[in-house]
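2 protein chains.
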Amino acid sequence: MQSITDALGNGRPEPAWRNAYRQLRMAIINRELAPRLRLIETDLAQTLGISRTPLREALARLEVDGLVTTAKSGGYAVSDMREDLFDAYDLRAAIEGYGARLAAERVTDGEIKRLRENVTISQRVALSDRNQRARLNIEFHEIVVSATRSPKIIHAFTNIRDLILTDEDMTLHSEEAHQRFIREHDLITSAIEMRDGDIADRLMRKHLLSARELLLQRPDADNASSGEY
Amino acid sequence: MQSITDALGNGRPEPAWRNAYRQLRMAIINRELAPRLRLIETDLAQTLGISRTPLREALARLEVDGLVTTAKSGGYAVSDMREDLFDAYDLRAAIEGYGARLAAERVTDGEIKRLRENVTISQRVALSDRNQRARLNIEFHEIVVSATRSPKIIHAFTNIRDLILTDEDMTLHSEEAHQRFIREHDLITSAIEMRDGDIADRLMRKHLLSARELLLQRPDADNASSGEY
DNA sequence: CGGGGCTATTCTGTATGCAATCTATTACTG
DNA sequence: CAGTAATAGATTGCATACAGAATAGCCCCG
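The listed protein sequences correspond, in order, to chains A and B. Residue 155 in our numbering sits at position 155 of the first sequence, and the numbers go up by one each step. Residue 112 in our numbering sits at position 112 of the second sequence, and the numbers go up by one each step.
Errors might be hidden in some of the hints.
Intra- or inter-copy, both count: the list cannot distinguish identical chains.
Stated by the list, open to error - Cut-off 25 Å, straight-line C-alpha distance, at most; resulting in silico cross-link-like pairs (SDA-like, lysine to any residue):
#  : residue 1 : residue 2
1  : 72        : 154
2  : 113       : 184
3  : 72        : 186
4  : 206       : 70
5  : 206       : 132
6  : 206       : 25
7  : 206       : 105
8  : 72        : 151
9  : 113       : 19
10 : 206       : 26
11 : 206       : 194
12 : 113       : 15
13 : 206       : 155
14 : 113       : 34
15 : 206       : 50
16 : 113       : 131
17 : 72        : 117
18 : 72        : 15
Calculated directly from the structure, the hints in this document are not laboratory data.
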């Protein structure tokens, strides 16, 4: 019996390191593995049911992604992404700003429809339904970026997306902020619809930088008390 | 006896995979390993004087960097970067454009001086001295990006820099193009000096996109004849 | 009671071995 | 002779084994 992902006649069973990579990535993003937690390869390998060899290949990739760091004395530890969260928004503004510009030039009618639908649904979702709001927020930005048709920009976006959006969702606590975000999404959609890349660019940057301000004002709920070493 | 890089009292001997990573990276960028060349792990490991285990860790990282690709049937091959060279310039315009904007806000007087010197020297270097011109070109963009003080933007830049600049140097064949590049560097420097991020951003984007046009017009000197499989 | 050095254990980094898969070559069949 | 099946060699992906470094603990000494 093959792995379940291989059921549709795909050529090859999934490598073990890929599964480990996915699981670790999710665990780190969801804070199930605390920042600065030292990762003991033997234990981790046993937990994942693989040997250290493919585990280390997964960890090497996670390190390039910035999710994991190598300690000075060797070995890996979970990155503390709060350290450079502020900085990450600069990169995001660069990528998504220019991305919105390209999107305005290359977007299809179908994508515009999806953006409009996203905004419409967002306006109706309850403030309390955090999961739904987070999903819609992620989806909006994904549609814009994928409309660029640029594999490199899409790749760069997905790399930082996970580092940021889970935190960003936490910030959407007030109805005021929520409505403002949706309004900005609405304006960006309009700019893209009018194929005005310059406006789309500027609106997107403003949207992201104001999101950063909100993020840094938050009460910083989860404190560093859980940070093992 | 320790490795020579460890001579200055640094804590640890360099891991074997890091050296392999560097060597392979350079070899791929310099086209010593042809695009689409299938990498046989056993041979490569023997050439590098290490075993397959650290070699595979180096290859995993190179894959995340985009320098190496996994074939459908398993194994690694050198990426054909000409495929997405055009695309890479979009990402570069996004990063360096916004980077120039940040640089204008955060640059120090010392950095401005270095930029001015770079431009001045570039104006005097002979057209035939390709190495020198390439070095100066890289240096200019490095100064601008490092002036952003943004680790993430610097990291993203260094990632694509190597994919592009070696090719870009090939394009600086005409005196006209050369002078134009320097003139654009000069204007960007002035914008940064005046702390005008908006102008710096637009100039940098224009500079990069015109560089892309030149690149794609080139006679495509090295043909795909060397592309093994 | 506090500090420094020694020892034991843990952990990492790398090499090797093995099974499964892929590829190329050859033999066979229509 | 073209096309296809079978087989042998090559190659990957993973597990295990081992040496050296790092860390923790302990004892001895001040």
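Each hint, compared with the structure:
Taking identical chains as interchangeable, the C-alpha atoms of residue 72 and residue 154 lie at most 25 Å apart only when they sit on different chains, with a minimum of 22 Å there against 32 Å within one chain. In this assembly of identical chains, the alpha carbons of residue 113 and residue 184 lie at most 25 Å apart only when taken from the same copy (17 Å versus 40 Å across copies). For a Cα distance limit of 25 Å, the shortest separation of residue 72 from residue 186 qualifies neither inside one copy, at 47 Å, nor across copies, at 41 Å. Proximity of residue 206 to residue 70 under the C-alpha cut-off of 25 Å is found in neither arrangement, the shortest distances being 35 Å within a copy and 38 Å between copies.
Taking identical chains as interchangeable, the C-alpha atoms of residue 206 and residue 132 lie at most 25 Å apart only when both belong to the same chain, with a minimum of 24 Å there against 40 Å between chains. Proximity of residue 206 to residue 25 under the C-alpha cut-off of 25 Å is found in neither arrangement, the shortest distances being 29 Å within a copy and 37 Å between copies. Taking the shortest alpha-carbon separations for residue 206 and residue 105, both the intra-copy value of 20 Å and the inter-copy value of 17 Å come in at or below 25 Å. In the homo-oligomer, the alpha carbons of residue 72 and residue 151 lie at most 25 Å apart only across protomers (19 Å), although the nearest pairing inside one protomer, at 34 Å, exceeds that limit.
Proximity of residue 113 and residue 19 under a CA criterion of 25 Å is satisfied in neither setting, with 35 Å inside one chain copy and 50 Å between copies. Within a single copy, residue 206 and residue 26 get their C-alpha atoms no closer than 29 Å, and across copies no closer than 39 Å, so neither meets the 25 Å cut-off. In the homo-oligomer, the alpha carbons of residue 206 and residue 194 lie at most 25 Å apart both inside one protomer (18 Å) and across protomers (23 Å), since each shortest distance falls under that limit. Taking identical chains as interchangeable, the C-alpha atoms of residue 113 and residue 15 are never at most 25 Å apart, the minima being 38 Å within one chain and 52 Å between chains.
Proximity of residue 206 and residue 155 under a CA criterion of 25 Å is satisfied in both settings, with 22 Å inside one chain copy and 23 Å between copies. In this assembly of identical chains, the alpha carbons of residue 113 and residue 34 never lie at most 25 Å apart, being 40 Å within a copy and 44 Å across copies at closest. Taking the closest pair of Cα atoms, residue 206 and residue 50 never come within 25 Å of each other, the shortest separation being 45 Å inside a single copy and 50 Å across copies. For the identical chains of this complex, residue 113 and residue 131 are intra-copy neighbours only, at 23 Å inside a copy versus 51 Å across copies, given an alpha-carbon limit of 25 Å.
For a Cα distance limit of 25 Å, the shortest separation of residue 72 from residue 117 qualifies neither inside one copy, at 49 Å, nor across copies, at 37 Å. When the C-alpha separation of residue 72 and residue 15 is checked against a cutoff of 25 Å, the pair qualifies only between copies, where the shortest distance is 12 Å, while the shortest distance within a copy is 29 Å.
The structure fails hints 3, 4, 6, 9, 10, 12, 14, 15, 17 (numbered hints given earlier, in ascending order).
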